[in-house]
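Construct the entire structure; sequences and hints are all you get.
Sequential numbering from 303 applies to the sequence shown in this note's numbering.
Treat the hints with care, as some may be off.
[To be verified] Derived DEER-like restraints, expressed as beta-carbon distance ranges:
hint, residue 1, residue 2, range
1, Gly471, Gly396, 34 to 44 Å
2, Arg382, Glu482, 40 to 50 Å
3, His582, Ile355, 16 to 26 Å
4, Leu359, Met508, 46 to 56 Å
Think of the hints as simulated: they come from the structure by calculation, not from any bench.
We put the beta carbon where it would ideally sit given N, CA and C, even for glycine.
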Amino acid sequence: MKVIEIRETGGPEVLQLAEYPEPAVGAEEVLVRLKAAGVNPVDTKIRRRGPLIPNGLPAVLGCDGAGVVEAVGSAVTRFRPGDEVWFCAGGLGGPAGNYGEYRVLHQDIPQPKPRTLGMIEAAAAPLVLLTAWESLYDRARIQPGQRVLIHAGAGGVGHVAIQLARLAGARVCTTVSSPEKAAFAHALGAEFCINYREEDLVEAVMDWTGGEGVDIALDTVGPEVFRRTIPAVAHYGDLVTILDPGPQLDLAEARMRNLRISLELMLTPMLRNLPKARAHQGEILNRCAESIDHGELRIHVSQTFPLAEAAATHRLIEEGHVTGKMVLILD
303 MKVIEIRETG
313 GPEVLQLAEY
323 PEPAVGAEEV
333 LVRLKAAGVN
343 PVDTKIRRRG
353 PLIPNGLPAV
363 LGCDGAGVVE
373 AVGSAVTRFR
383 PGDEVWFCAG
393 GLGGPAGNYG
403 EYRVLHQDIP
413 QPKPRTLGMI
423 EAAAAPLVLL
433 TAWESLYDRA
443 RIQPGQRVLI
453 HAGAGGVGHV
463 AIQLARLAGA
473 RVCTTVSSPE
483 KAAFAHALGA
493 EFCINYREED
503 LVEAVMDWTG
513 GEGVDIALDT
523 VGPEVFRRTI
533 PAVAHYGDLV
543 TILDPGPQLD
553 LAEARMRNLR
563 ISLELMLTPM
573 LRNLPKARAH
583 QGEILNRCAE
593 SIDHGELRIH
603 VSQTFPLAEA
613 AATHRLIEEG
623 HVTGKMVLIL
633 D
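What follows is the structure, encoded as structure tokens:
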């Protein structure tokens, strides 16, 4: 089978087309023929810095996938050949990634693909949906009527976080870099957009909230944005980040505000082998599938590339400002 592998860390040029043997299927495993694979910023970080698991090179990247079950093991009860599935699994080091034609998975990991979603959009969705859901629902415990700030609302996590916050009954403001991205975020349900290139974040948030600050802020960008967001959060509010906020962090104002600060890494169940947490993520995907099939949640894919052009997707991500998601097509 064809895969894209890395044998050393480096720039996008280290992503190389290779041939691997088709994987064998164990008793409780399913063989999925991938139709598409999502590309995420974590893929570019692993390519540059190295795998997240020991002895992880050579590696096939890609956490997100969608495809058709082609074969099942003798003890599999959840799926049969022909079933369409989506999942977030692998891609953190070693050969078990989704930049390739086939994946073998334990039957508990994939979930039935939303009926109304095509393979391309389904492959783009799992990691960002899980990240946004866990950030807003599990970490921040979002409630109806709350005011929520979501950074980078036109990005992969941001564009689904806006929608999930609106589904929870919250009011949403978001940061964007252009009028076009503001229009995109408004169409997703954002009430107020802040062009971070032209406006002061805290002043804009305080104008929107009548001087109180937001109840919840979700940082999807990094340490400097995390730091600048603290004074925009209401007293006793929640600040969630999906990135390492950095070692040189002054939390005096956060402490004065009695903020609840949460860290979100949806990869933890894979990295620490936590079956209960993986089961919870399966439940999240199934609930998101219901919202998608009811027309309440959509996934935006801005560009697609054939598998052999995986390097192009990494270059675009590292240039910044990709709207929504990018996907590799394997069919």
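Hints, verified against the model:
For the pair Gly471 and Gly396, the supplied restraint of 34 to 44 Å holds, since their beta-carbon distance comes to about 42 Å. A C-beta distance of roughly 44 Å is found between Arg382 and Glu482, which places it inside the suggested range of 40 to 50 Å. A hinted range of 16 to 26 Å holds for the C-beta pair His582 and Ile355, which are about 22 Å apart. Checked against the hint of 46 to 56 Å, the C-beta distance between Leu359 and Met508 comes to roughly 48 Å, which is consistent with it.
The structure is consistent with each of the numbered hints, conforming to all of them.
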